[in-house]
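Engineer: One-letter residues, chain by chain:
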Amino acid sequence: MKKVRVSYFAILREQRGLGSEQVSTEASTAAELYEELRRIHGFTLAPGRVRVAVNDEFGPWSAAVREGDAFAFLPPVAGG
Amino acid sequence: MPSPSFPRWPGDDPVEFRLTEHPIEPAALMRGLADTRAGACVTFEGRVRDQNDGRGVRALDYEAHAPLAVREGERILAEAVERFQVIDALCVHRTGSLALGDVAVWIAVTAAHRGAAFEACRFIIDEAKARAPIWKKEHYSDGSTEWVNCATRGPESPGPG
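In order, the protein sequence lines correspond to chains A and B. Oh and the first sequence: position 63 is 44 in the working numbering, straight run, nothing missing. Just remember that the working numbering sits 195 ahead of the position in the second sequence, which is counted from 1.
Be careful, since some hints might not be right.
One-sided and incomplete, this derived list gives chain A residues near chain B with beta-carbon spacing under 8 Å [unchecked claim]:
no.	residue
1	-9
2	-8
3	23
4	26
5	34
6	40
7	50
8	55
9	56
10	58
11	59
12	61
Per the computed footprint, the stretches of chain B lying under chain A, defined by three or more beta-carbons under 8 Å from a beta-carbon of chain A, are [claimed, not checked]:
no.	segment
13	213 to 226
14	318 to 328
What the hints contain is simulated information worked out from the structure, not anything from laboratory work. Note that CB positions come from ideal geometry on N, CA and C, so glycine has one too.
Next up, chain A with everything else stripped away, as it sits in the complex (with noise of 0.2 Å):
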């Protein structure tokens, strides 16, 4: 199990609950571990509309979980 923290905006907070957390994870990249927290709190989003961010910066999906990394799922954009 590695230990990371978990950002959320937006519409995925409301639908988490929360902004961050600590997550224990077997997932071994960034998209396993969105559709593992997707299946427990039912985020709406299929994740080709989703983005991630791995410690504050955009990353590719494929992007590796680490022990100690931040993720952040990112809902499509609406600034402006």
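Model the placement of chain B on the given structure of chain A, informed by the hints.
Structural biologist: Just chain B, lined up with the frame of chain A:
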């Protein structure tokens, strides 16, 4: 977060993207853009509108991934400087709860000539809307709310695989 209205000085970084939870004050921000090389200054003010897609809107909330929004915003401004002959570019975006008519985003671009200033300003707002990790929740007059672009069905962005 810093006040949105502290002045900027000649010699400051040529581009700056700020998030603020305080009201945006364009007049104060403009003073930081004085530069005698600039023959043009184009500004854009995005305001909270009272309707969207035929639904009455009564208020908005904005939320951002702050470090990533600032970094992506500054990348966009740097791209504008590179593509157009821009002297200075500043973009300030609100977070938090906004009322109708409030300024949600404010952009100013100075350049030697008006063409570059207009084009760069348009580029910056279009790219910021498409790329900056900022989200908008609309509160409608019928009491319902919605995160814009986050309906269950919608266009796919590049995802896994």
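Engineer: A separate judgement is required for each hint: does it hold in the structure or not?
Structural biologist: Hints versus structure:
Given the 8 Å rule on beta carbons, the hint for residue -9/A holds: about 4 Å separates it from the nearest Cβ of chain B. With a cut of 8 Å, the hint placing residue -8/A at the interface with chain B holds, because the nearest CB-to-CB distance is about 4 Å. With a cut of 8 Å, the hint placing residue 23/A at the interface with chain B is violated, because the nearest CB-to-CB distance is about 12 Å. Annotation: interface hint on residue 26/A holds; nearest CB of chain B at approximately 7 Å, less than 8 Å.
A hinted interface residue such as residue 34/A counts as satisfied when its beta carbon comes closer than 8 Å to some beta carbon of chain B; here the least separation is about 6 Å, so the hint holds. Interface restraint check for residue 40/A: the shortest CB-CB distance to chain B comes to about 11 Å, outside 8 Å, so the restraint is violated. Interface hint at residue 50/A: violated, since its Cβ lies 15 Å from the closest Cβ of chain B, which is beyond the 8 Å cut-off. For residue 55/A, the interface hint holds, since its Cβ comes within 8 Å of a Cβ in chain B; the closest pair sits about 5 Å apart.
Among the interface hints, the one on residue 56/A holds; its C-beta lies about 5 Å from the nearest C-beta in chain B, closer than the 8 Å criterion. A least Cβ separation of about 6 Å between residue 58/A and chain B falls short of the 8 Å threshold, and the interface hint therefore holds. With a least beta-carbon distance of about 4 Å to chain B, the hint placing residue 59/A at the interface is held under the 8 Å criterion. A distance limit of 8 Å between C-beta atoms decides the matter here; for residue 61/A the minimum to chain B is near 4 Å, and the interface restraint holds.
Residues of the segment 213 to 226 of chain B lying with their CB closer than 8 Å to a CB of chain A number 0, which falls below the three-residue condition for coverage. Check result for the segment 318 to 328 of chain B against chain A: holds, 7 residues qualifying (beta carbon to beta carbon below 8 Å, three or more required).
Consistency note: the structure conflicts with the earlier hints numbered 3, 6, 7, 13.
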